[in-house]
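Peer 1: The primary structure of each chain is shown beneath.
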Amino acid sequence: MAPSSATLERSAQGQLVARLSKLPWWLLLILLAGVFLFYKFTTDELYSFILGKLKQGILVTIFVTTVAYMAAIVLGLIAGLGRVSKNPVVFNLATLYVQIIRGVPILVQIFYITFVVTPALFAAVNWVGNGLAGPLGLRPMLDYLATANPAQITAALNDLNGFQRSVVWLAQVDAQSLSFLTRVIFALAVAYGGFEAETFRAGIESIGKGQMEAARSLGMSYVQAMRHIVLPQAVRRVLPPLGNDFISMLKDSSLVSVLGVRDVTQEARLYVATSFRYPETLNSLAFVYLSMTVVLSLGVKWIENRMEHGRSG
Amino acid sequence: MAAADNPKDMIVIKNLTKHFGRVRAVDGVSLTVPHGKVKVIIGPSGSGKSTVLRCINHLETPTGGEIWVDGIQLTHEHKNINAIRAEVGMVFQQFNLFPHLTALENVTLAQRIVRKRSKEEAERKAREQLERVGIPEKADVFPAQLSGGQQQRVAIARALAMDPKIMLFDEPTSALDPEMIKEVLDVMLWLAREGMTMVVVSHEMGFARNAADEIVFMDKGVIVEQGSPDTFFQNPREERTRVFLSQILH
Numbered sequence: 048m049a050p051s052s053a054t055l056e057r058s059a060q061g062q063l064v065a066r067l068s069k070l071p072w073w074l075l076l077i078l079l080a081g082v083f084l085f086y087k088f089t090t091d092e093l094y095s096f097i098l099g100k101l102k103q104g105i106l107v108t109i110f111v112t113t114v115a116y117m118a119a120i121v122l123g124l125i126a127g128l129g130r131v132s133k134n135p136v137v138f139n140l141a142t143l144y145v146q147i148i149r150g151v152p153i154l155v156q157i158f159y160i161t162f163v164v165t166p167a168l169f170a171a172v173n174w175v176g177n178g179l180a181g182p183l184g185l186r187p188m189l190d191y192l193a194t195a196n197p198a199q200i201t202a203a204l205n206d207l208n209g210f211q212r213s214v215v216w217l218a219q220v221d222a223q224s225l226s227f228l229t230r231v232i233f234a235l236a237v238a239y240g241g242f243e244a245e246t247f248r249a250g251i252e253s254i255g256k257g258q259m260e261a262a263r264s265l266g267m268s269y270v271q272a273m274r275h276i277v278l279p280q281a282v283r284r285v286l287p288p289l290g291n292d293f294i295s296m297l298k299d300s301s302l303v304s305v306l307g308v309r310d311v312t313q314e315a316r317l318y319v320a321t322s323f324r325y326p327e328t329l330n331s332l333a334f335v336y337l338s339m340t341v342v343l344s345l346g347v348k349w350i351e352n353r354m355e356h357g358r359s360g
Numbered sequence: 266m267a268a269a270d271n272p273k274d275m276i277v278i279k280n281l282t283k284h285f286g287r288v289r290a291v292d293g294v295s296l297t298v299p300h301g302k303v304k305v306i307i308g309p310s311g312s313g314k315s316t317v318l319r320c321i322n323h324l325e326t327p328t329g330g331e332i333w334v335d336g337i338q339l340t341h342e343h344k345n346i347n348a349i350r351a352e353v354g355m356v357f358q359q360f361n362l363f364p365h366l367t368a369l370e371n372v373t374l375a376q377r378i379v380r381k382r383s384k385e386e387a388e389r390k391a392r393e394q395l396e397r398v399g400i401p402e403k404a405d406v407f408p409a410q411l412s413g414g415q416q417q418r419v420a421i422a423r424a425l426a427m428d429p430k431i432m433l434f435d436e437p438t439s440a441l442d443p444e445m446i447k448e449v450l451d452v453m454l455w456l457a458r459e460g461m462t463m464v465v466v467s468h469e470m471g472f473a474r475n476a477a478d479e480i481v482f483m484d485k486g487v488i489v490e491q492g493s494p495d496t497f498f499q500n501p502r503e504e505r506t507r508v509f510l511s512q513i514l515h
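In order, the protein sequence lines correspond to chains A and B.
Numbering-wise, the first sequence is residues 48 to 360 according to our numbering.
Numbering-wise, the second sequence is residues 266 to 515 according to our numbering.
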């Protein structure tokens, strides 16, 4: 009798250990650190001062990430559809884009798009504008504008009609007029678009061939079948990876600080450069990122759970 | 070029070939399906019977030969293919219902975007078809909540709602549990009696005997023998047919 009750007791103990080991302790530890830092932010003057310094940067980080992410989704969807296309031109263009993105570090991409691609795009626009200006007889106007003072320019532009004015604008618009903020958003969108393309491709390919065949056999075109049958199922399936990419992008957006865009990382760097308060500043910076990513990853988890228990798809 | 030798022929296949790489899945098949008739294609697996069926609505691109559907020749042009597909209903072994749509939505979607019917008209038609296949009460249910037999009947309703002139069935009962086979075959039998032009690839010999006007036996990409059910089952001409029948009729 005695040995068996001892085993029972041990197993009860074992059960308790098993149950305890299943708890999300990591989350508890993060919460504890969070509570501690929150306490610091409210009581410690230096910490609350630093948080105040970072506040504006947090908004910039969220803004950059949100806008770039939405653009990346659109780009990724287009490139992902290209990756499953049977048209060799479309397929190869999309694959070229994805391969370049996958093979170049994101920091290098940000530099490249900011300092090479953006000026090149503007040069192309100028070229088109200049090309149109010749046949439209606007050449002398452009030459005059190049030497005129601001008042003269305004007067001269007022004499033109809307179409002429846009051609002049195309010919003259300068890459300098595009802020670094806009350029890094563009860069992040292009960089992440390549990753989202592969996510969408995987999602589309995970939908059985029979779905496309059934849709086509009912007389739907490829585009109609994609839009009404394949994509709705594929998108639902890739929601969790898409959510995780949003978290990744939030973190990678810190790279824009190297171009002086005043996101939360840049604000921290600026403060530390004059105060040398490294531990306090970086504690605060890491805390800001971590609290955003933890909340977001709980959101992704929630989506995953909902999908598992929800209707098929 | 004559569209079809006989205007009453709904499907005319002339010397159809389909190669997958080196494999000759279909190797010179000619077949005619007159209006309102039912052809049942049987044969061992890999005999090319499903490939013939899938070539009729261009789910497979033929390597050679000609296919005429209701007097129109099938070409590689997209417009032509989509137009013919809308006239040819197809039912698959794996049902292929759209899992993100309810039964009713499965039946209305193509009506709306291909036939350009209004929402009301498409829904009326869809309910009518679900009624015909015997599951009007499942209209608002998602496919995952339906049994295999019910799913296949929704798939048939989905095809019928397009008012097809021809129905193709690709082993419609092969993926079903035995007790659900009959409910699907009953729908098909009734469809055959109503005068639908049908091409059925199936192993259901009972159905073949009851519904087929003609049985086509295929092996290794060619038609070995075809004839009325009576002669086919009672008096097969070819040795290969006899061997096959003895294997499946136990």
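Be aware that one or more of the hints could be misleading.
Listed below are the simulated EDC-like cross-link pairs for lysine to aspartate or glutamate, each with C-alpha atoms no more than 16 angstroms apart in a straight line [what the hints assert, rightly or not]:
1. A/Lys87 <-> A/Glu327
2. A/Lys133 <-> A/Glu327
3. A/Lys256 <-> B/Asp335
4. B/Lys302 <-> B/Asp335
5. A/Lys133 <-> B/Glu325
Per label pair, the in silico range of CB-to-CB distance [claimed, not checked]:
6. B/His343 <-> A/Arg353: 21 to 27 angstroms
7. A/Phe162 <-> B/Ile337: 40 to 46 angstroms
8. A/Ala249 <-> B/Lys384: 30 to 36 angstroms
9. B/Ser493 <-> A/Gly255: 35 to 41 angstroms
I should point out that these hints are in silico values taken from the structure, not numbers from a laboratory.
Given the structure is predicted, the values throughout are model-derived calculations rather than measurements.
Backbone N, C-alpha and C define an ideal beta-carbon position, used for all residues, glycine too.
Peer 1: The structure should be examined with respect to each hint, and the outcome stated for every one.
Peer 2: Consistency of the hints with the structure:
1. A/Lys87 <-> A/Glu327: holds, 10 angstroms
2. A/Lys133 <-> A/Glu327: violated, 55 angstroms
3. A/Lys256 <-> B/Asp335: The given pair, whose Cα atoms are some 28 angstroms apart, is violated under the 16 angstroms limit.
4. B/Lys302 <-> B/Asp335: Holds. B/Lys302 to B/Asp335 sits at ~13 angstroms (cutoff 16 angstroms).
5. A/Lys133 <-> B/Glu325: Holds. A/Lys133 to B/Glu325 sits at ~15 angstroms (cutoff 16 angstroms).
6. B/His343 <-> A/Arg353: 21 to 27 angstroms: violated, 39 angstroms
7. A/Phe162 <-> B/Ile337: 40 to 46 angstroms: violated, 58 angstroms
8. A/Ala249 <-> B/Lys384: 30 to 36 angstroms: Given range 30 to 36 angstroms: holds, Cβ gap about 34 angstroms.
9. B/Ser493 <-> A/Gly255: 35 to 41 angstroms: 38 angstroms Cβ-Cβ, so the 35 to 41 angstroms window holds.
The structure fails hints 2, 3, 6 and 7 (numbered hints given earlier, in ascending order).
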